[in-house]
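Chemist: Residues per chain, in single letters:
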Amino acid sequence: MKLFNDLKWKLYDVNVAIHQKMHKQPKGLGKASTRRRNNLIFYISMMALPIIQFVIMWGFTNVNTIILAFKRFDVETGEYYFYGFNNFLQVIKDFTGDHSAVAKYAVVNSVIVYAVNLLIVTPLGLLFSYYIYKKFKGGRVFRTILYIPSIVSSVVMVTIFTYFVENFIPQMMHQLTGRPLELGLLSNPETTFQTLLVYSVFFSFGSTTMIYSSSMSNINQSLVEAAMLDGCGLMQEFLTITIPLCFNIIKLNLATSVTGFFTNTLSLHTFYGLAADESLYTIGYFIQKETLSGASNYPYLSAYGLLMGLVVTPLVFGLKAILDKFDPYMEKTIYGKGRAKK
Amino acid sequence: MSRKVTNRRSWFPIVGFIVFLLFSVFLVIPMLWAMLTTFKTNVEFRTNMFGLPKHWEFSNYQTAIDNFKVQIQYGAGLRTVNLVGLLQNSFLYSIGGTFFFVACHYIVAYCTAKFPYKFSGFVYGFILTLMLVPISASQAATIDLLQTFGLYDNWPGFFFQRFGFTGMYFLILHESIKTTSREISEAAEIDGASNLRIMFSIVMPQMMGMLFTIFLITFIAQWNDYMFPLMYMPTHPTLAYGLYLYNNSGNNAIAASVPLRLSGCMIIFIPMLVIFMIFHDKMMGNLSYGGVKE
Numbered sequence: 001m002k003l004f005n006d007l008k009w010k011l012y013d014v015n016v017a018i019h020q021k022m023h024k025q026p027k028g029l030g031k032a033s034t035r036r037r038n039n040l041i042f043y044i045s046m047m048a049l050p051i052i053q054f055v056i057m058w059g060f061t062n063v064n065t066i067i068l069a070f071k072r073f074d075v076e077t078g079e080y081y082f083y084g085f086n087n088f089l090q091v092i093k094d095f096t097g098d099h100s101a102v103a104k105y106a107v108v109n110s111v112i113v114y115a116v117n118l119l120i121v122t123p124l125g126l127l128f129s130y131y132i133y134k135k136f137k138g139g140r141v142f143r144t145i146l147y148i149p150s151i152v153s154s155v156v157m158v159t160i161f162t163y164f165v166e167n168f169i170p171q172m173m174h175q176l177t178g179r180p181l182e183l184g185l186l187s188n189p190e191t192t193f194q195t196l197l198v199y200s201v202f203f204s205f206g207s208t209t210m211i212y213s214s215s216m217s218n219i220n221q222s223l224v225e226a227a228m229l230d231g232c233g234l235m236q237e238f239l240t241i242t243i244p245l246c247f248n249i250i251k252l253n254l255a256t257s258v259t260g261f262f263t264n265t266l267s268l269h270t271f272y273g274l275a276a277d278e279s280l281y282t283i284g285y286f287i288q289k290e291t292l293s294g295a296s297n298y299p300y301l302s303a304y305g306l307l308m309g310l311v312v313t314p315l316v317f318g319l320k321a322i323l324d325k326f327d328p329y330m331e332k333t334i335y336g337k338g339r340a341k342k
Numbered sequence: 001m002s003r004k005v006t007n008r009r010s011w012f013p014i015v016g017f018i019v020f021l022l023f024s025v026f027l028v029i030p031m032l033w034a035m036l037t038t039f040k041t042n043v044e045f046r047t048n049m050f051g052l053p054k055h056w057e058f059s060n061y062q063t064a065i066d067n068f069k070v071q072i073q074y075g076a077g078l079r080t081v082n083l084v085g086l087l088q089n090s091f092l093y094s095i096g097g098t099f100f101f102v103a104c105h106y107i108v109a110y111c112t113a114k115f116p117y118k119f120s121g122f123v124y125g126f127i128l129t130l131m132l133v134p135i136s137a138s139q140a141a142t143i144d145l146l147q148t149f150g151l152y153d154n155w156p157g158f159f160f161q162r163f164g165f166t167g168m169y170f171l172i173l174h175e176s177i178k179t180t181s182r183e184i185s186e187a188a189e190i191d192g193a194s195n196l197r198i199m200f201s202i203v204m205p206q207m208m209g210m211l212f213t214i215f216l217i218t219f220i221a222q223w224n225d226y227m228f229p230l231m232y233m234p235t236h237p238t239l240a241y242g243l244y245l246y247n248n249s250g251n252n253a254i255a256a257s258v259p260l261r262l263s264g265c266m267i268i269f270i271p272m273l274v275i276f277m278i279f280h281d282k283m284m285g286n287l288s289y290g291g292v293k294e
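Chains Y and G supply the protein sequences, listed in that same order. All residue numbers in the first sequence are consecutive under this note's numbering, ending with 342. All residue numbers in the second sequence are consecutive under this note's numbering, ending with 294.
Treat the hints with caution; some may be incorrect.
Said to hold, decoys possible - Looking from chain G toward chain Y, a few residues come up when the C-beta cut is under 7 Å (computed):
hint : residue
1    : F163
2    : N251
3    : N252
Stated by the list, open to error - SDA-like cross-link-like pairs, simulated, lysine to any residue; straight-line CA separation at most 20 Å:
hint : chain 1 : residue 1 : chain 2 : residue 2
4    : Y       : K134      : G       : L21
5    : Y       : K135      : G       : L21
6    : Y       : K8        : G       : Q206
7    : G       : K178      : Y       : K8
8    : Y       : K325      : G       : T129
9    : G       : K282      : Y       : P149
10   : Y       : K320      : G       : G167
11   : Y       : K320      : G       : F126
12   : G       : K118      : Y       : R35
13   : Y       : K251      : G       : L128
None of these hints come from the bench; they were simulated from the model. Just so we're clear, the structure is a prediction, and the values are computed from it rather than from any experiment. C-beta: ideal position from N, C-alpha, C; glycine also.
Build the full structure now, drawing on both the sequences and the hints.
Modeler: The structure is reproduced here in C-alpha cells:
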C-alpha cells in the first residue's frame with residue numbers, strides 16, 4: 001500500500017512538472033486573466049448540457065402546457081386545433097356547476113391529505129427525529145425500521161397493506177371479539193378513505209425523519225450542554241434550541257410540501273388502477289388518471305394545472321412569508337440579501 | 001445540581017420508546033405475515049391465516065417467476081418480455097438513470113458553488129423558487145414534447161430526462177461542496193491541476209460519501225418506480241412495472257391466490273431489503289441540508 005502511495009505521488013510530481021513546462025501563457029494575458037478565462041470556459045462547457053436539458057424539459061414543457069391549454073384534440077384527425085379559453089371555462093364550470101362532484105371531491109380530499117401531512121406527519125416526524133438525534137434507547141433501530149417503507153416498491157407495500165387490512169385484521173377482530181367484520185377496511189365505503197389516509201401517514205416518515213435527524217445532528221453540542229447546565233428540560237431544548245436551529249430546513253420542507261397538494265395521489269393508482277371511486281379522488285390522482293387516459297385530455301389538464309397554479313402560487317409565497325417572520329435566524333446565503341436577526 | 005438532573009428525566013424518552021415500539025410492530029408485522037403467507041397454499045391461507053405454514057410451499061416463487069411477464073405492443077403485433085428482460089430493463093433504468101441524475105446534480109452543484117458568477121446565483125435562486133412554485137399537470141405536455149423531439153419511449157430520451165438537477169439534492173450538494181476545503185483546491189491549482197482535475201480528483205473524493213448516499217437512494221427509488229416507465233417508457237417495462245401488471249393480472253390462478261401475489265411482491269422486495277441491510281448506515285447518515293446554525 002505504501003509503495004502504491006509513493007508511486008502515486010511520484011507520478012503526480014512528474015505530472016505537475018510536465019504540466020508546468022507545457023503550459024505556456026498566451027501572449028498578452030496575465031496569469032490571473034488566463035485563469036479567469038479558463039474558469040469561464042470550464043464553467044460554460046460544464047453547465048451547457050444541464051442548462052439545455054433544463055430549458056427543454058422545464059422551459060419548453062411549461063410553454064407547451066400553456067399552448068396546450070388553448071387547444072383541443074380532434075379525435076378524428078388526431079391533431080390539435082385552437083380552442084380559445086374554452087378549456088379554462090370548462091374547468092371553472094366543472095368546479096362550480098351542478099355536475100362538479102368529482103372536482104369538488106378532488107379538492108376537498110387534497111385539502112384533507114395536505115392538512116394531515118401538515119398537522120400530523122410534520123410534528124410527529126420532528127419528534128421522531130428528535131428521539132433519534134438524542135440517541136435514546138433503540139433510536140438507531142427505529143430509524144432503520146422507519147426507513148424500510150421508503151425502500152420498498154409502492155406496489156409491494158400496497159399489496160401487503162391491502163391483504164393485511166382486508167384479511168388479517170377482519171380475521172383477527174373475529175378471533176378477538178367473536179364478531180366477524182363483514183367487510184375489510186378498504187372494502188367498507190365508510191372506512192376506505194380513512195384507511196388510505198392511515199396508509200399514507202404510516203409509510204411517510206422515512207425520508208423526512210432521516211433529513212431532520214441528520215440536520216439536528218449538526219447542532220453545536222456545546223450550546224446544548226450550556227442549556228443543560230442552566231436546567232433546560234428535554235422538551236424545552238426541543239422547542240427553544242432544536243427547532244429554531246433547524247428552522248431553515250423545516251421552513252423549506254413546509255413550503256415545498258404545498259406542491260404535494262397537487263401531486264399527492266394517496267397511492268390511489270397503485271390501489272385501484274384507473275378505477276378508483278370518485279369520492280376518493282385527489283387532484284394528483286385526477287391528473288394522473290386523465291393523463292394516462294389519452295392525448296384527448298391533455299388540453300383540459302393543462303388548463304386545469306395552470307388555473308390551480310394561479311390559485312396556489314400566492315398561497316405558497318404567503319406561507320413562506322409567514323414562516324420567514326417566525327424564522328429566528330433569517331439566513332444570509334452567499335448570493336441572497338437575507339437579513340440576519342440578532 | 002440534582003434539580004437539574006431531575007429536569008432532564010423527562011417523560012419524552014419513555015413515551016417516545018412506546019410509540020416507536022408500537023409503530024415498529026405495526027410496520028413489521030404485515031411484512032412478516034406477508035413473507036410467511038408466500039409459503040402457504042391458497043387453501044392453507046384461508047384456513048391458517050396466522051400460523052406458520054404446515055408445508056412450506058416454495059413452488060409459489062417458481063410459479064410467480066414463470067408468470068412474471070409483460071406483453072407490449074411491438075409494431076403491429078405483441079411481444080412478451082419475460083423476467084430476464086424485465087431485469088435487464090430494471091438495471092439499465094435504475095443504474096443508468098441514477099448515474100445521469102447524480103452526475104448532473106454534482107456538475108451543476110459544483111459549478112454554482114465554486115464559481116460565484118451572477119449566473120450561479122441566478123440558478124441557485126431559481127431552483128429554490130422552482131421548488132416553491134407548484135407546477136402540475138405537466139405530464140401531458142411532457143409526453144407531447146418528448147414525442148415531438150423523438151425522445152419518447154426510448155433509452156436516449158430517458159437518459160436525457162434523467163440528466164436534470166432540479167430538487168432537494170441540488171441544494172444539499174451545493175451546501176456541502178461550498179464547505180469543502182478551498183486550500184487543497186488552491187494548492188492543486190498552483191501545482192497546475194486543471195479545473196476538471198480539481199473537480200474530479202480533489203473535490204469529488206471529499207463528496208464521495210454523500211454522492212454514494214444520493215446514488216443509493218435514487219437507485220432504490222428508480223428500481224421501485226413503476227409510474228415513470230408506464231408513462232414515458234411503455235415498451236421498456238421494468239420489474240416494478242411487471243409487478244404492477246402481475247398484481248392486476250387477468251390470469252385466474254394468480255388473481256385468486258393471495259400467496260402467489262405476495263410471492264411476486266417478494267421477488268422485488270427481497271433484493272432491495274438486502275441492499276438496504278448492507279448499506280443502511282451509509283444511506284441514512286450522509287444527508288443533511290446545511291441549514292443548521294451554530
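Chemist: Determine for every hint whether it applies to the structure shown.
Modeler: Each hint tested on the structure:
1. Of the supplied interface hints, the one on G/F163 holds, with its beta-carbon coming within about 5 Å of a beta-carbon of chain Y, less than 7 Å.
2. Nearest Cβ of chain Y to the Cβ of G/N251: about 16 Å, over the 7 Å cut. The hint is violated.
3. The closest approach between the C-beta of G/N252 and any C-beta of chain Y is roughly 18 Å, which is over the 7 Å cut-off, so the hint fails.
4. With a C-alpha separation of about 17 Å, the suggested pairing of Y/K134 with G/L21 holds against the 20 Å cut-off.
5. Using a Cα cut-off of 20 Å, the hinted pair Y/K135 and G/L21 holds, with the two alpha carbons roughly 15 Å apart.
6. For a cut-off of 20 Å, the pair hint linking Y/K8 to G/Q206 stands: about 18 Å separates their Cα positions.
7. Distance check on the hinted pair: G/K178 and Y/K8 sit about 28 Å apart at the alpha-carbon level, beyond 20 Å; violated.
8. Among the hinted pairs, Y/K325 with G/T129 is consistent with the structure: their alpha-carbon atoms are about 18 Å apart, no more than 20 Å.
9. Pair hint G/K282 plus Y/P149 holds up; C-alpha atoms about 17 Å apart against a cutoff of 20 Å.
10. For the suggested pair Y/K320 and G/G167, the alpha carbons sit about 17 Å apart, so the restraint of at most 20 Å is met.
11. With a C-alpha separation of about 15 Å, the suggested pair Y/K320 and G/F126 falls inside the 20 Å cut-off, and the hint holds.
12. Distance hint between G/K118 and Y/R35 is fulfilled; the C-alpha atoms sit about 18 Å from each other, no more than 20 Å.
13. Straight-line distance between C-alpha atoms of Y/K251 and G/L128 comes to about 12 Å, which keeps the hinted pair within the 20 Å bound.
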